[in-house]
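Dock chain E against the given chain V, drawing on the hints supplied.
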Amino acid sequence: MNMTKITAILASFLLLAAAHAQEATPPDVLVKTVTLEVLELIVKDKEIQAGNRAKLLQVISAKVLPHFDFDSMTSLAMGQNWRTATPEQKKQLVDAFRTLLVRTYASALAAYSDQKFDFRPLRAKPTDTDVVVQVRVLQPGTQPVPIDYSMEKTPSGWKAYDVAVGGVSLVANYRTEFATVVRSSGIDGLIRNLQAKNSQLGQKK
Amino acid sequence: MTRFLLRATALLAVVAVSGCATSPDADPRDPLEPMNRAIYNFNDSFDEAIATPVAKAYRSVLHVEIRNRISNFWSNIGDVFIGVNNVLQGKFQDGIEDWARVAFNSTIGLFGIHDVASDMGIEKHDEDFGQTFGRWGIGPGPYLMIPFIGPSTLRDGTGLVLDFHFDPWNDVTPSSFRDPMWGLRLVNRRAELLDASSLLEQAALDRYIFLRDAYLQRRRNQVYDGQPPRQRDEDVNEPPKPAVK
Numbered sequence: 000m001n002m003t004k005i006t007a008i009l010a011s012f013l014l015l016a017a018a019h020a021q022e023a024t025p026p027d028v029l030v031k032t033v034t035l036e037v038l039e040l041i042v043k044d045k046e047i048q049a050g051n052r053a054k055l056l057q058v059i060s061a062k063v064l065p066h067f068d069f070d071s072m073t074s075l076a077m078g079q080n081w082r083t084a085t086p087e088q089k090k091q092l093v094d095a096f097r098t099l100l101v102r103t104y105a106s107a108l109a110a111y112s113d114q115k116f117d118f119r120p121l122r123a124k125p126t127d128t129d130v131v132v133q134v135r136v137l138q139p140g141t142q143p144v145p146i147d148y149s150m151e152k153t154p155s156g157w158k159a160y161d162v163a164v165g166g167v168s169l170v171a172n173y174r175t176e177f178a179t180v181v182r183s184s185g186i187d188g189l190i191r192n193l194q195a196k197n198s199q200l201g202q203k204k
Numbered sequence: 000m001t002r003f004l005l006r007a008t009a010l011l012a013v014v015a016v017s018g019c020a021t022s023p024d025a026d027p028r029d030p031l032e033p034m035n036r037a038i039y040n041f042n043d044s045f046d047e048a049i050a051t052p053v054a055k056a057y058r059s060v061l062h063v064e065i066r067n068r069i070s071n072f073w074s075n076i077g078d079v080f081i082g083v084n085n086v087l088q089g090k091f092q093d094g095i096e097d098w099a100r101v102a103f104n105s106t107i108g109l110f111g112i113h114d115v116a117s118d119m120g121i122e123k124h125d126e127d128f129g130q131t132f133g134r135w136g137i138g139p140g141p142y143l144m145i146p147f148i149g150p151s152t153l154r155d156g157t158g159l160v161l162d163f164h165f166d167p168w169n170d171v172t173p174s175s176f177r178d179p180m181w182g183l184r185l186v187n188r189r190a191e192l193l194d195a196s197s198l199l200e201q202a203a204l205d206r207y208i209f210l211r212d213a214y215l216q217r218r219r220n221q222v223y224d225g226q227p228p229r230q231r232d233e234d235v236n237e238p239p240k241p242a243v244k
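Here the protein sequences line up with chains V and E, keeping their order. Number 154 in numbering that gives the first Met the number 0 belongs to position 155 of the first sequence; there are no gaps in the numbering. Number 16 in numbering that gives the first Met the number 0 belongs to position 17 of the second sequence; there are no gaps in the numbering.
Chain V extracted, bound-state conformation (with noise of 0.2 Å):
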């Protein structure tokens, strides 16, 4: 057997061992190793730390954004009406509830100033699909906050539907209004809300 026949097989074992870990992360694992790596990218980086927004949504973007279903958590927000929003509305609303909550979630980030943080062992069987993962946030002088995800295994990986900051849900949330909005002003209202919201934001920066 030569080298490239061995280094190919090697490759292709790893590839797979890989492949089989990426299924195979359990979810409490999943949120403690991208929060800490997202964490780390963020302290190191000096743009991000300068306040360079554009970066920090970046880094959101390709590591914590795949381990979200929008979809989901888009139709729990919008409770019954979603039912009778058009495939075109749908996209429309999980495209800009998307915008909204990375926005938001770049904003919890950049306000980070070295909380430590607890992750609890989780809670489930083996055979759960549904689970909620739960994190601490430490700060002294204060009771610890809880941070919880929701989450459901899907073929891609285990995906957070809904977080609850101190108890506060943001899919629960979130529902009230949508319902007030689309009782008000339809399903359309509620996407020009949500895109006009957006853009306020955009230029603020």
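Hints are computed from structural coordinates only; laboratory data are not their basis. Just so we're clear, the structure is a prediction, and the values are computed from it rather than from any experiment. It is possible that some hints are incorrect.
[As the list claims (entries may be wrong)] Cut-off 35 Å, straight-line C-alpha distance, at most; resulting in silico cross-link-like pairs (DSBU-like, lysine-lysine):
#1 V:K62 <-> E:K55
#2 V:K31 <-> E:K55
#3 V:K152 <-> V:K90
#4 E:K55 <-> V:K45
#5 V:K152 <-> E:K55
#6 V:K43 <-> V:K54
#7 V:K89 <-> V:K152
#8 E:K90 <-> V:K43
#9 V:K115 <-> V:K31
#10 V:K115 <-> E:K90
#11 V:K90 <-> V:K54
#12 V:K196 <-> E:K55
#13 V:K45 <-> V:K124
#14 E:K90 <-> V:K62
#15 V:K124 <-> E:K90
#16 V:K152 <-> V:K196
#17 E:K90 <-> V:K54
This is chain E only, laid out in the frame that chain V set:
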């Protein structure tokens, strides 16, 4: 200051009258929405014109380390009645921990400016009279926006009156020292919340609704100490249990 208070009272009278007219599709948890919205707008203007600039100035003048010490000092005073509330809720172990925190932080922690108890692994809790009432089975009642203070409910607002009434800082003399310190305490509190309020501004389509729902969710979570019974999605907007008068 007197003129300001007069104006505030006049404004309240106006909004209280307008508050009687509720729209048919009002949120059942917020029957006083028109009045609450008016107070919210008033609070928002006050916050924008005075509280936020003062809090920002405070934050830029004092280094974060010093601000943390100050926050610790007030947090230590708060622990006394967090303990009382834990005991009133039957959580004796937690109450004893709260008082142990006060004991350690007031002594080794130099009047509370160092949170040595947390370093020792005695975690801070978060309790108040509103939560105690909730624990006793009293529902939140109608949502209330309180002038200068912010979101509350009939239950939590009543609790807040007791929180202020029993606050150990009221026993400090002379008043020429006590009262200005109350002011600084509130400024420090507002400064702690600066990041949260800018997030609210970013995330919300309608800040009033977003704040209200976040407040109600958070209080529910606090009453159950972070383990609220799971609600079905559709039930999130359920009408509140009747408040005990």
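Each hint tested on the structure:
Restraint check for K62 of chain V and K55 of chain E: satisfied, since their Cα atoms lie roughly 33 Å apart, inside the 35 Å limit. Under the criterion of a C-alpha separation no larger than 35 Å, the hint pairing K31 of chain V with K55 of chain E is consistent with the structure, at around 33 Å. Annotation: proposed proximity of K152 of chain V to K90 of chain V holds, straight-line Cα distance about 22 Å (limit 35 Å). The suggested pairing of K55 of chain E with K45 of chain V holds, with an alpha-carbon distance near 25 Å, which does not exceed 35 Å.
As the CA atoms of K152 of chain V and K55 of chain E are separated by approximately 44 Å, the hinted pair breaks the 35 Å bound. Proximity of K43 of chain V to K54 of chain V is assessed by CA-CA distance (about 13 Å); at most 35 Å being required, the pair is judged to hold. For the suggested pair K89 of chain V and K152 of chain V, the alpha carbons sit about 22 Å apart, so the restraint of at most 35 Å is met. Between the alpha carbons of K90 of chain E and K43 of chain V the distance comes to roughly 43 Å, so the proposed pair goes past 35 Å and is violated.
The suggested pairing of K115 of chain V with K31 of chain V holds, with an alpha-carbon distance near 12 Å, which does not exceed 35 Å. Using a Cα cut-off of 35 Å, the hinted pair K115 of chain V and K90 of chain E holds, with the two alpha carbons roughly 27 Å apart. As the CA atoms of K90 of chain V and K54 of chain V are separated by approximately 26 Å, the hinted pair is consistent with the 35 Å bound. The hinted pair formed by K196 of chain V and K55 of chain E meets the criterion: a straight-line CA distance of about 25 Å does not exceed 35 Å.
Distance check on the hinted pair: K45 of chain V and K124 of chain V sit about 42 Å apart at the alpha-carbon level, beyond 35 Å; violated. A hinted pair counts as satisfied when its Cα atoms are at most 35 Å apart, and K90 of chain E with K62 of chain V does not qualify at roughly 42 Å. Pair hint K124 of chain V plus K90 of chain E holds up; C-alpha atoms about 30 Å apart against a cutoff of 35 Å. Between K152 of chain V and K196 of chain V the CA atoms are separated by roughly 32 Å; this keeps the pair inside 35 Å, and the hint holds.
Between K90 of chain E and K54 of chain V the CA atoms are separated by roughly 47 Å; this puts the pair beyond 35 Å, and the hint is violated.
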